[in-house]
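Protein chains: 2
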Amino acid sequence: MKILEIARRARIAALKMSNVNTDSKNHAILEIAKEIDSARLKLQEINGSDVNAATRDGLQSSLLKRLKLNDSKIDDIIKGLQSLADLDDPVGKTLFSIEMDQGLELFKVSCSIGVIGAIFESRPDALVQISSLCLKSGNAVILKGGSEANKTNQFLSELIREKIFESNIIPKDSVQLIDTREDVKKLLELDEYVDLLIPRGSSSLVKFIKENSKIPVLGHTEGICHEYVDKDADLNMAVEICYDAKVQYPAVCNAMETLLVHKDIAKQFLPQIAQKYEEAKVELRGGTKTREILPEIKKASEKDWQTEYLDLILSIKIVESLQEAIDHINYFGSHHTDGIITKNKNRAQKFLNEVDSAVVLHNASTRFSDGYRFGFGAEVGISTEKIHARGPMGLEGLVSYKYIILGKGQIVSSYTGKNAKQFTHKSQDKTWNSTKNS
Amino acid sequence: MKILEIARRARIAALKMSNVNTDSKNHAILEIAKEIDSARLKLQEINGSDVNAATRDGLQSSLLKRLKLNDSKIDDIIKGLQSLADLDDPVGKTLFSIEMDQGLELFKVSCSIGVIGAIFESRPDALVQISSLCLKSGNAVILKGGSEANKTNQFLSELIREKIFESNIIPKDSVQLIDTREDVKKLLELDEYVDLLIPRGSSSLVKFIKENSKIPVLGHTEGICHEYVDKDADLNMAVEICYDAKVQYPAVCNAMETLLVHKDIAKQFLPQIAQKYEEAKVELRGGTKTREILPEIKKASEKDWQTEYLDLILSIKIVESLQEAIDHINYFGSHHTDGIITKNKNRAQKFLNEVDSAVVLHNASTRFSDGYRFGFGAEVGISTEKIHARGPMGLEGLVSYKYIILGKGQIVSSYTGKNAKQFTHKSQDKTWNSTKNS
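So the sequence lines, in the order shown, correspond to chains A and B. Residue numbers for the first sequence follow the working numbering, beginning at 1 and rising by one. Residue numbers for the second sequence follow the working numbering, beginning at 439 and rising by one.
Treat the hints as calculated values from the structure; they're not laboratory data. Beta carbons: idealized from backbone N, C-alpha and C, even for Gly. Just so you know, not all the hints are guaranteed correct.
Unchecked claim - Derived SDA-like pairs (lysine to any residue); straight-line CA-CA distance at most 25 Å: (1) B:Lys480 / B:Lys624; (2) B:Lys517 / A:Ser413; (3) B:Lys645 / B:Tyr747; (4) A:Lys350 / B:Asn871; (5) B:Lys788 / A:Ser97; (6) A:Lys172 / A:Arg8; (7) A:Lys73 / A:Gln44; (8) B:Lys736 / B:Ala712; (9) A:Lys421 / A:Gln44; (10) A:Lys343 / B:Lys624; (11) A:Lys343 / B:Glu537; (12) A:Lys430 / B:Gly639; (13) A:Lys426 / B:Lys624; (14) B:Lys546 / A:Ser97; (15) B:Lys781 / A:Ser147; (16) B:Lys864 / A:Lys214; (17) B:Lys714 / B:Glu746; (18) B:Lys783 / B:Met675; (19) B:Lys546 / B:Lys788; (20) B:Lys546 / A:Leu95; (21) A:Lys186 / B:Glu746; (22) A:Lys73 / A:Ser147; (23) B:Lys856 / A:Gln102; (24) A:Lys289 / A:Lys299; (25) B:Lys864 / A:Gln102; (26) A:Lys408 / B:Glu537; (27) B:Lys623 / B:Leu643; (28) A:Lys108 / B:Ser535; (29) A:Lys214 / B:Asn871; (30) A:Lys421 / B:Lys623; (31) B:Lys506 / B:Lys517; (32) A:Lys350 / A:Lys430; (33) B:Lys624 / B:Ile607; (34) B:Lys503 / A:Ser413.
To be verified - Listed next, with one range per pair, are the computed distances between beta-carbon atoms: (35) B:Asp617 / A:Lys267: 39 to 45 Å; (36) B:Asn459 / A:Lys343: 34 to 40 Å; (37) B:Lys623 / A:Glu296: 22 to 28 Å; (38) A:Asp311 / B:Ser851: 14 to 20 Å; (39) B:Arg446 / A:Lys267: 15 to 21 Å; (40) A:Asp311 / B:Ser852: 56 to 62 Å.
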């Protein structure tokens, strides 16, 4: 099918989707979970052939790991769907309500966005996650996965479409898969049909998409996260936090990539943390001053301050002041997640206010920056944008809102001129849903 | 100054701006209001020379009107500033707060966006409005006005910068003016420095900007607004509303451009409303069926369904059903503001749910779609985007948010594995501001 036709179908599906009731959406999500469980062997067989082909093609081992759907990953997919069904419907929530005047009410109500284009790499579990998040939020989605996962993605998307079709309510074309890079390029041009692009993958992917589309993009580029150990830090706490932020799971975007240390405590602190890092086989890279204290480590270049290692590598810089730490983070960081460790509340406040990042922390590990840990239930992603959604993003990142006015024949000319009626603008504790049954 | 240098200065100013306290911002806004009042004669003299030059260049009269700053417009500018100073500070509001675990608190707090690029046409009053909205919301702004208003814009921006400078707190470079189209083109490329573009003007301006920048755009394209008169409408009410929606102020984006009428009541309704429109000198254009009832009116072509007249012109279409009305609006409309007139609640519900517009109304004039009428105090604009802000937009359209975590040394590894601690995720009624003084 041509991409324009796919986009048209998605647009039509989206209009229907936005009004599907919560029970039908949850039922479909649970049916998909059941079917994935039943089809487990078939799924693994198909995924196996993708993995074999990718192995022959020499795909690097970290990507092969992401591609392979083992039992534990399939369990996670199923659990994810079940917990998604349990979450509140993000659509139809009354965000506020006022009486504009007697008998003239205004409601701000959350609603679906419409058509989402989701472009992701290698991990086929992402396909299920993204489709089900879109389903729950009443959006139609056009999916493009990594080509190395083509067969797995085909199988999973057909399974989902089948279950949706069986619902008799949710349009099948609310989930569609496209195959080729050419299709993606064409999709990027269809701003009349696609409301939002969500790229999940490398920063070069996100950049490419932003450069080639008028459609709004909700992406996360990369996580160059920092912990700053202040001169007033509890150093034992600092050791614990800095170890956790780097070592607990280095391959994720909220892991620390650069450690900033105040000059006054560097001599005391650095040898302690360096010893712990050595035990965990973390490669350290430092500036000139750092290497005066830790002479055995590698030299860091300016490039290190801008690198997301996603690995057991850490760059370390000694700073003269709190201000230098803040400036370094705002200049070199990726506005993702950054923390300060200090006992001094005023210094913490300054850091939390002035560091321009989606998540800022006082005396805690950067690794807490995560939708599940925030209690959002589902995580759509971590946005490094400031527009629409920022930071760890739950389902509310996939909804917009509309204003609904209920009148009794009011006209604006009554509210203008000499004997103009006045608006009351009284806030009221009334939901849009409650008006439906009254 | 080079545009890159301007953008760099704006970025530095923005970081400072985001932490300026409410009183200082309000004080500066009121000082600007006073100064504009004092400088009224000088301002009108300078504006007069812009108007004279534009007259010589043959600028069309509607644009000349927009350009000219008469006393009443200057009064409105001053009043606007005074009421802006009275509004709540949109920055620093706690949007929610939870206890993630004992001693580990999460706050979602509104914050400034950063650097805003505002591109607007002819009206110099827009310069004051946009700069002051940005000031109140703690953003730095780079302004580009219409070239025919160059001298007026120069004068106003210097006046504002001077007052900001006198505050000793707000950085002068939080308001900067650029002159040429070349500068705008370069600005569109500076996505590392500019967080958001707000074009105010024609849809071709908005389109041009979207096509030429990676920076998110918050624009309103156009308002092709509809009223749909249902078969179950109170026809007297329908006449009142449809008259108001078209005639009360036709030059604005929330005025009705196309009237949809259900076939069952067309014969009764159309002659009534046509007579009222005739008195107001509204030019009517209709489809074949409409012209069977109103044979004297012009023929409407498909182009009419897609035209924002902004004038005393109205296209009329008779529809077979509620569904056809909804489909027409979703296909030809601009997703701005659309209303239904009916006594039938179920039919109203269907319309309000399925029409994919920022504002939908039941039994009220489209002209109510407006930030001031909504009680927002200030209006940043009316967004036809679904991402970030939709519909009439108050100051909250100019803020983002950040997550702040206050810990006591917590690390993620305590919350994983066999003896994992559990998150409590308890919502709490605590503001971020209250933690500052505790």
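A quick look at each hint next to the structure:
no., hint, verdict
1, B:Lys480 / B:Lys624, "violated, 33 Å"
2, B:Lys517 / A:Ser413, "holds, 22 Å"
3, B:Lys645 / B:Tyr747, "holds, 19 Å"
4, A:Lys350 / B:Asn871, "holds, 13 Å"
5, B:Lys788 / A:Ser97, "holds, 20 Å"
6, A:Lys172 / A:Arg8, "holds, 13 Å"
7, A:Lys73 / A:Gln44, "holds, 11 Å"
8, B:Lys736 / B:Ala712, "holds, 13 Å"
9, A:Lys421 / A:Gln44, "violated, 68 Å"
10, A:Lys343 / B:Lys624, "violated, 45 Å"
11, A:Lys343 / B:Glu537, "holds, 20 Å"
12, A:Lys430 / B:Gly639, "violated, 36 Å"
13, A:Lys426 / B:Lys624, "violated, 45 Å"
14, B:Lys546 / A:Ser97, "holds, 22 Å"
15, B:Lys781 / A:Ser147, "violated, 54 Å"
16, B:Lys864 / A:Lys214, "violated, 40 Å"
17, B:Lys714 / B:Glu746, "holds, 21 Å"
18, B:Lys783 / B:Met675, "holds, 15 Å"
19, B:Lys546 / B:Lys788, "violated, 35 Å"
20, B:Lys546 / A:Leu95, "holds, 16 Å"
21, A:Lys186 / B:Glu746, "violated, 29 Å"
22, A:Lys73 / A:Ser147, "holds, 20 Å"
23, B:Lys856 / A:Gln102, "violated, 59 Å"
24, A:Lys289 / A:Lys299, "holds, 10 Å"
25, B:Lys864 / A:Gln102, "violated, 38 Å"
26, A:Lys408 / B:Glu537, "violated, 44 Å"
27, B:Lys623 / B:Leu643, "holds, 12 Å"
28, A:Lys108 / B:Ser535, "holds, 22 Å"
29, A:Lys214 / B:Asn871, "violated, 38 Å"
30, A:Lys421 / B:Lys623, "violated, 46 Å"
31, B:Lys506 / B:Lys517, "holds, 18 Å"
32, A:Lys350 / A:Lys430, "violated, 40 Å"
33, B:Lys624 / B:Ile607, "violated, 29 Å"
34, B:Lys503 / A:Ser413, "holds, 23 Å"
35, B:Asp617 / A:Lys267: 39 to 45 Å, "violated, 53 Å"
36, B:Asn459 / A:Lys343: 34 to 40 Å, "violated, 26 Å"
37, B:Lys623 / A:Glu296: 22 to 28 Å, "violated, 51 Å"
38, A:Asp311 / B:Ser851: 14 to 20 Å, "holds, 18 Å"
39, B:Arg446 / A:Lys267: 15 to 21 Å, "violated, 36 Å"
40, A:Asp311 / B:Ser852: 56 to 62 Å, "violated, 23 Å"
In terms of the numbered hints stated before, the structure departs from hints 1, 9, 10, 12, 13, 15, 16, 19, 21, 23, 25, 26, 29, 30, 32, 33, 35, 36, 37, 39 and 40, listed from lowest to highest.
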